[in-house]
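S.K.: All chains should be built: construct the whole structure from the sequences, respecting the hints.
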Amino acid sequence: MSSQMTDDRVQTEKGAGFQLQTPNSALRTITIAVAGNPNSGKSTLINAIAGTRLQVGNWPGVTVEKKEAMFEYEGTRIKLVDLPGVYSLSPYTQEEIITRDYLVHERPDVIIDVVDATNLERNLYLTVQLLELELPVVMALNIFDEAEKKGHKIDTKAMEETLGVKVVPTTATRKNGLHDLLKAVVNIVDSPSSPYPKKLNYGEDIESATRTVGKQIQSAYPSLAEKYPLRWLSFKLMEQDEHVQRELLISGDLQIEDAVQHLKKAHEEDVESIMADARYAQAAGLTREVLKRPELRKMEITEKIDRLALNRFLGIPLFLAAMWFVFKLTFDVSKPLADWMNAATTGPFKRWAEALVGLVHAPAWMSSLVTDGVIAGVGSVLVFVPVIFAMMFFITFLEGSGYMARAAFVMDRAMHAIGLHGKSFIPMLLGFGCNVPAIYATRTLENPRDKALTALLVPLMSCGARLPVYVVFIGAFFPSHAGMVLWSLYVMGIALAIVMGLIFKRTLFRGEAPMFIMELPPYRMPSFKSLMIHTWEKGKHFLIKAGTYILAVSILVWFLLNLPWGVENKKDSYLGQVGQAAAPMLKPLGFGNWEAASSLMAGVIAKEIVVGTMGEIYVKKSEEGKKEQQPAFTDDLKELGTSFASAVRDSTKNVLSTVAITSLSAEQDEKRAGLKTALQGVFTPLTAYAFITFVLLYMPCVVVAIAMRQEFGTWKWFGIAFAYQTALAWLAAFVIYQGGRLLGIGG
Amino acid sequence: MNLAMLKVGEKGKITRIGSLGPLKRRLMDMGVLVGEEIGVKKVAPLGDPIEVTIKNYNLSLRKKEAEGIDVEEVE
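For the protein sequence lines, the chains are F and Y, in the order given. Using the numbering used here, you'd call the opening residue of the first sequence number 5 and step up by one each time. Using the numbering used here, you'd call the opening residue of the second sequence number 285 and step up by one each time.
Don't take each hint at face value.
Claimed, not checked - Which chain Y residues face chain F? A few, computed with CB under 10 Å, are given here:
1. Lys297
2. Ser303
3. Leu311
4. Asp313
5. Ala328
6. Glu349
Stated by the list, open to error - Calculated cross-link-like contacts (lysine-lysine; reagent style DSS-like; alpha-carbon spacing at most 27 Å):
7. Y:Lys297 - F:Lys268
8. F:Lys308 - Y:Lys308
9. F:Lys269 - Y:Lys297
10. F:Lys509 - Y:Lys291
11. F:Lys591 - F:Lys574
Unchecked claim - Quick list of the computed label-pair ranges, beta carbon to beta carbon:
12. F:Glu152 - Y:Lys297: 23 to 33 Å
13. Y:Thr299 - F:Leu312: 47 to 57 Å
14. Y:Gly293 - F:Pro226: 52 to 62 Å
15. F:Gly515 - Y:Asp354: 24 to 34 Å
16. F:Leu735 - Y:Arg300: 42 to 52 Å
17. Y:Gly331 - F:Glu230: 47 to 57 Å
18. Y:Asp354 - F:Trp491: 41 to 51 Å
No lab work stands behind these hints, which were simulated from the structure alone. Since this is a predicted model, take the numbers as computed values, not measurements. Ideal Cβ positions, reconstructed from N, Cα and C, are used throughout, including at glycine.
M.R.: This is the structure in structure tokens:
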């Protein structure tokens, strides 16, 4: 069903260096589903096997990420499907439901069960549930090197015999065991004599009840009994799994009450708990049987780090320091590259485009559309691509290393105080990169209440798209206090999120707060490849969004700015007219001019566009009539090369000098200087600060609106976000501007 | 007594899980089962949540949730 589209994409990519020889390959295709606990190294394993061949999409109807890859292995075409990481196949989280539905309905040829060898028992709990589905399973006993280093001895032969599955030790971070794993998979499909998952005995009570229920199903729903594993179906009905009952249209007319009652009475528990107990008993029994570990446990590295990271006094300062470090590093590394991209688009690229348009004798408006609309649009996207990538890199590192869970642990009390969940911290943090993935990330929160509240507060986290606006204004007005001013904006967003959280908790979201049950995984060094692939995926998502959406908007803004065609003054353009109408409302905030109003209006569509629009309005005005000398094509090329080299050198230097505070905009970029000078003529430091505060807080961009709509299936939450944020932005800017004037800071 | 009453470094054996519905099932899925030994490892800097060790791994939960887990102390 859903995989159809992905198949097509793989087909087209085949030409670009894929190993598959012929398009109409006569090879058979087998489907492998990869399942496993969160933190079992599943992603790393998949990246190690499929790498860049992974196609990222969404599960149908939901926004949980779906990764697939198609490749050839020793004469077999393999379709690899990555399932969301889950601890269990209970129907309580979206991830669990997706995993279960896929396995039950799509019935892949083989399941690869990724098991963390250092955390055997809890991982085997999922394995036990996978076996119930009666599909061939190959176990990847992952993180095997770490288990060995700890002195754990695992009897894989005994494990294979008990479970009826092939067990392959793997260390995905070093690519160990991957060939054996794939061989085992292909083998299972090839030889009918290969081991088949055993039906583990859950004890006579459960088994006899299951048999009774199974007979009932067989007589009442013979077609279901044929389509689904009968034993599994019986378990689900006994557990009163509403999801299964609803989906398979099983009504309550089965006579299973007697069997269930008997079971309940014997154990004095509900059936779900009895089943969980029985499954864990299997996992525990098997672990006892196959695992030998040294009597004396050394103090592990994780414990050592946690002594500091979760320390009563040091925990929070260290956490804040880590966050500060991430931001500083992100900004300093990407700055020179961003400048280079900006210089390239406003310089050589623009000149080349002008030359090309000139060659075909295009009319003036066309030339303007291409250079001021398209090229400028591409430029405004490219400029902060490095920032986004760097930010994503660090966030991925925090997630992969295990620190993200500690951050949630350290912050939960604080987050909980404003009605959030420690896990809300993760979308909040992602929000600093881009609010859009942050909104999608709210689905890690199981409870709709947590989720909605988090999504409402995410837009107060200053996203990467707001950064270019700050950068321009800070460069123009606060070059010597750049770091501090920037930091103050981020802190203001957080502080206001706290205030709003408290208000929402007492109004929209009254009632009991949902649960906080989270694994604190061991610290691990994420593999470089995995890190790069994740960063690229997330960065690419932004690029695609930016490349299409922002470009379209940039062109739209060009039209608004230049139409009716031939307007002498931007003020008379459509955008200018709207801006003029809105300007009086911004007057009490210190920037009640049509230029600012128009730019803010355009920024609703994507906040970084504020800068582009200001460039259009201000720089065009002041640079009128200035003629540049046209450098030769070869000069341009040389300039691009040497400036790129120096940009790379600068960003490397900045990595090294991060600890010593370096100024954000030590050297002003020539091309941006135009806009900066223009701004200095219109804004004062006070109105500039009020303006960037407004940009920080006012309504989320359209893409966030679409994300919220998609996540919640209603415009309701976006409507609330729109209303409260616009009010908040106006109020904050008002307080800053009027307060500043009272204090005599000028204005 | 319940899990929230244990101090850092103390251990208990779970005697009953009082929570209901998804919370109970989630706890059980994570290995928090009757008869299991559970130890309190850390308290978050702000006093909540707590980190516990169960089935040889580390889990965090809020004190409120820990209050729903009855334990008998083992030394």
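S.K.: Hint by hint, say whether it matches the structure.
M.R.: Evaluation of the provided hints:
1. Because the closest C-beta pair between Y:Lys297 and chain F is about 15 Å apart, greater than 10 Å, the hint is violated.
2. A least Cβ separation of about 9 Å between Y:Ser303 and chain F falls short of the 10 Å threshold, and the interface hint therefore holds.
3. This hint holds: Y:Leu311 has a C-beta 6 Å from the nearest C-beta of chain F, less than the 10 Å allowed.
4. Proximity of Y:Asp313 to chain F holds as hinted, the smallest CB-CB distance being about 4 Å (cut-off 10 Å).
5. Because the smallest distance between the Cβ of Y:Ala328 and any Cβ of chain F comes to about 6 Å, under 10 Å, the interface hint for this residue holds.
6. Given the 10 Å rule on beta carbons, the hint for Y:Glu349 holds: about 6 Å separates it from the nearest Cβ of chain F.
7. Only pairs whose Cα atoms come within 27 Å are accepted, and Y:Lys297 paired with F:Lys268 is accepted, the gap being roughly 23 Å.
8. For the given pair, F:Lys308 sits about 32 Å from Y:Lys308 by alpha-carbon distance, which is inconsistent with the 27 Å threshold.
9. A hinted pair counts as satisfied when its Cα atoms are at most 27 Å apart, and F:Lys269 with Y:Lys297 qualifies at roughly 24 Å.
10. Simply put, F:Lys509 and Y:Lys291 have alpha-carbon atoms about 31 Å apart, too far for the 27 Å limit, and the pair is violated.
11. The straight-line distance between the Cα atoms of F:Lys591 and F:Lys574 is roughly 20 Å, inside the 27 Å bound, and the hint therefore holds.
12. Between F:Glu152 and Y:Lys297 the C-beta distance comes to about 31 Å, which sits within the given range of 23 to 33 Å.
13. Here the CB-CB span from Y:Thr299 to F:Leu312 is close to 35 Å, at odds with the stated 47 to 57 Å.
14. A beta carbon spacing of about 58 Å between Y:Gly293 and F:Pro226 agrees with the range 52 to 62 Å that was offered as a hint.
15. Look at F:Gly515 against Y:Asp354: about 26 Å separates their beta carbons, and that is inside 24 to 34 Å.
16. For the hinted restraint 42 to 52 Å between F:Leu735 and Y:Arg300, the CB-CB distance of approximately 51 Å keeps it satisfied.
17. The hinted window of 47 to 57 Å between Y:Gly331 and F:Glu230 holds, with their beta carbons roughly 56 Å apart.
18. Distance hint check for Y:Asp354 and F:Trp491: the Cβ-Cβ separation is about 47 Å, which falls inside the suggested range of 41 to 51 Å.
Going down the numbered hints, you'll see the structure goes against 1, 8, 10 and 13, while the others check out.
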